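Let the sequences and hints guide you as you build the complete structure.
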Amino acid sequence: MRHEKAKHIKVLPGFGITLGFSIFYLSIIVLIPLASLFVETASASWAKIWATIADPRVVASLRVTFLSSFYAAVINVIFGLLLAWVLVRYKFPGKKLIDGIIDLPFALPTAVAGIALTAIYSENGLIGSLFAPFGIKMAYSQFGITIALIFIGLPFVVRTVQPVLQELDQEIEEAAVTLGAYRWRTFRAVILPELTPALWTGFALAFARAIGEYGSVVFIAGNMPFKTEIAPLLIMTKLEQFDYAGATTIALLMLCISFVMLLVINFLQWRSQRRVIAS
Amino acid sequence: MAGATTMVGSKEAASARPRHVTETAPFRWIWITLALLFVGLILILPLLTVIIEGLKKGLEVYFAAITEPDAVSALKLTLIVAVIAVPLNTLFGVAAAWAITKFQFRGKNVMLTLIDLPFAVSPVISGLVFVLIFGTRGWFGPLLEEYHLQVVYALPGIILATTFVTFPFVARELIPLMQAQGPQEEEAAASLGAKGWQIFWHITLPNIKWGLLYGVILCNARAIGEFGAVSVVSGHIRGETNTLPLHIEILYNEYQFSAAFAVASLLVLLALITLIAKSAVEKRQQRLAASQKSIN
Chain A
1 MRHEKAKHIK
11 VLPGFGITLG
21 FSIFYLSIIV
31 LIPLASLFVE
41 TASASWAKIW
51 ATIADPRVVA
61 SLRVTFLSSF
71 YAAVINVIFG
81 LLLAWVLVRY
91 KFPGKKLIDG
101 IIDLPFALPT
111 AVAGIALTAI
121 YSENGLIGSL
131 FAPFGIKMAY
141 SQFGITIALI
151 FIGLPFVVRT
161 VQPVLQELDQ
171 EIEEAAVTLG
181 AYRWRTFRAV
191 ILPELTPALW
201 TGFALAFARA
211 IGEYGSVVFI
221 AGNMPFKTEI
231 APLLIMTKLE
241 QFDYAGATTI
251 ALLMLCISFV
261 MLLVINFLQW
271 RSQRRVIAS
Chain B
1 MAGATTMVGS
11 KEAASARPRH
21 VTETAPFRWI
31 WITLALLFVG
41 LILILPLLTV
51 IIEGLKKGLE
61 VYFAAITEPD
71 AVSALKLTLI
81 VAVIAVPLNT
91 LFGVAAAWAI
101 TKFQFRGKNV
111 MLTLIDLPFA
121 VSPVISGLVF
131 VLIFGTRGWF
141 GPLLEEYHLQ
151 VVYALPGIIL
161 ATTFVTFPFV
171 ARELIPLMQA
181 QGPQEEEAAA
191 SLGAKGWQIF
201 WHITLPNIKW
211 GLLYGVILCN
221 ARAIGEFGAV
231 SVVSGHIRGE
241 TNTLPLHIEI
251 LYNEYQFSAA
261 FAVASLLVLL
271 ALITLIAKSA
281 VEKRQQRLAA
291 SQKSIN
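Residue numbers (the UniProt record's numbering), protein chains in the order written: chain A, 1 to 279; chain B, 1 to 296.
Treat the hints as calculated values from the structure; they're not laboratory data. Treat the hints with caution; some may be incorrect.
Said to hold, decoys possible - Partial chain B-side listing against chain A, Cβ under 7 Å, derived:
(1) W31
(2) F38
(3) K102
(4) E187
(5) Y255
Note that the structure is a prediction, hence the values are computed from the model and not measured. Every residue gets a Cβ at the ideal spot worked out from N, C-alpha and C, and that includes glycine.
As structure tokens, this is what we get:
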């Protein structure tokens with residue numbers, strides 16, 4: 001700090017108080033509470049931690065959580081790209097409205113989304129009833145969980161791809177066309193590589209959000225142990241049974257995975273920024 | 001000039017061939033239709049469902065559900081929580097953005113990552129950590145019991161969990177915005193003898209007001225709608241520690257679907273207001289940025 005001071009003459013006031021308050025508030029609200037997870041897990045015996053991790057029900061819940069999140073993120077990447085493309089490149093009536101409503105999952109409380117999606121995809125629902133005669137259960141299955149996670153993750157992909165697509169230099173596309181490339185080839189060889197970093201970032205954001213999601217999923221999931229029970233719900237269950245050590249172990253496991261995701265996101269953002277600067 | 005002529009040249013060359021710079025009309029309409037179908041199915045249908053299901057049993061049932069004492073107290077609690085959590089996080093957001101964007105210091109990137117941390121944590125875990133600290137079997141559990149204080153399963157716990165979950169919103173909006181604007185204007189004011197508060201009120205705030213409002217709107221929407229974290233620390237005591245989303249859950253689990261959707265429609269209204277305010281603010285922010293660019 002002293003070293004920085006010497007290099008940069010500070011003209012503006014308020015450095016000490018704003019940084020001091022920020023660090024204090026960050027510690028009180030975020031860091032100390034999160035540290036409690038580590039302390040709680042560390043105070044448990046290894047045997048107990050291992051028993052939790054190796055519990056087939058825990059493994060199954062993590063499997064359901066990660067697989068559903070993965071499927072949802074993949075679908076979000078495909079349709080997120082399509083939506084971003086349509087919103088940036090085409091003109092059609094109602095475009096502004098659609099653009100505005102993309103952010104709905106950020107604004108709508110997850111519990112509301114959860115009960116609404118359940119009503120639509122359950123046996124008597126608008127869409128669920130179409131599939132029920134064929135014996136296909138949409139709500140209360142992993143399909144239902146995936147639907148809820150698609151809802152939650154969609155804006156992450158659209159909002160990361162959209163600005164990149166907007167900034168994309170169309171002259172390169174024109175050059176590709178003058179060189180005789182067809183549209184599909186132009187898209188694959190010229191446009192898609194430019195969008196790839198943003199697509200990865202959007203994927204990672206949607207995936208990370210889906211792993212932790214609770215509110216929209218619990219209603220539509222059915223919450224059957226080993227089948228449609230997600231990891232956050234299992235944490236809740238353990239907590240209600242006062243199994244603090246079990247709950248924190250699962251939480252810590254999820255947190256570690258989320259942290260790795262965050263690192264990957266930052267790396268991808270850094271790489272995509274570097275590409276933009278380079279070009 | 002030379003650049004312009006070559007561009008025109010290339011366009012002419014392109015039009016000599018079959019033009020593939022945009023998709024052919026049929027393809028355009030296929031993509032648009034697909035995109036609209038997806039949005040309709042995933043986003044718009046749930047919205048309509050809430051309204052239709054809420055009104056299914058008539059206006060009387062609807063109004064009874066939203067004026068019932070438990071619903072009103074849930075609404076009150078939700079507003080109290082938002083009124084405390086949002087200003088706290090706004091204060092933090094402004095302070096953190098000021099420190100991070102106006103000064104150089106070591107560990108800045110670490111701090112940026114730590115600010116984002118609550119977004120990477122499952123809402124359930126966000127609630128869990130406060131149970132570990134303040135719960136009956138938590139660190140301060142015995143101490144709190146001795147003084148007959150309750151944090152978890154009471155208002156303070158709900159406020160803490162909500163504050164945790166909504167922590168990054170304002171800071172996240174302000175930091176990139178203030179980073180782009182740079183410290184030059186403030187430094188000029190300071191060199192002319194302006195005091196800290198004067199600089200903030202007259203220089204910084206007018207520049208960031210729309211971004212700030214944007215962050216506050218998002219923070220507020222999440223604070224009111226938070227479910228997972230609050231669910232862990234609330235204790236679900238009807239009329240006491242139930243927020244609106246939790247009240248919806250209870251109604252739903254009791255098979256009072258119409259009532260659940262009626263209360264949910266209040267939150268749909270909040271979401272729509274949030275979206276409208278958001279796009280209005282976004283437009284203002286863009287206009288402000290454009291006018292600043294033209295001045296510079």
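Evaluation of the provided hints:
Because the closest C-beta pair between W31 (chain B) and chain A is about 6 Å apart, less than 7 Å, the hint holds. Checking F38 (chain B) against chain A by beta carbon gives a least distance of about 5 Å; that is within 7 Å, so the hint holds. Annotation: interface hint on K102 (chain B) holds; nearest CB of chain A at approximately 5 Å, less than 7 Å. The criterion of a C-beta within 7 Å of any C-beta in chain A is met by E187 (chain B), whose closest approach is roughly 5 Å, and the hint holds.
The interface hint given for Y255 (chain B) is violated, since its Cβ lies 12 Å from the closest Cβ of chain A, which is over the 7 Å cut-off.
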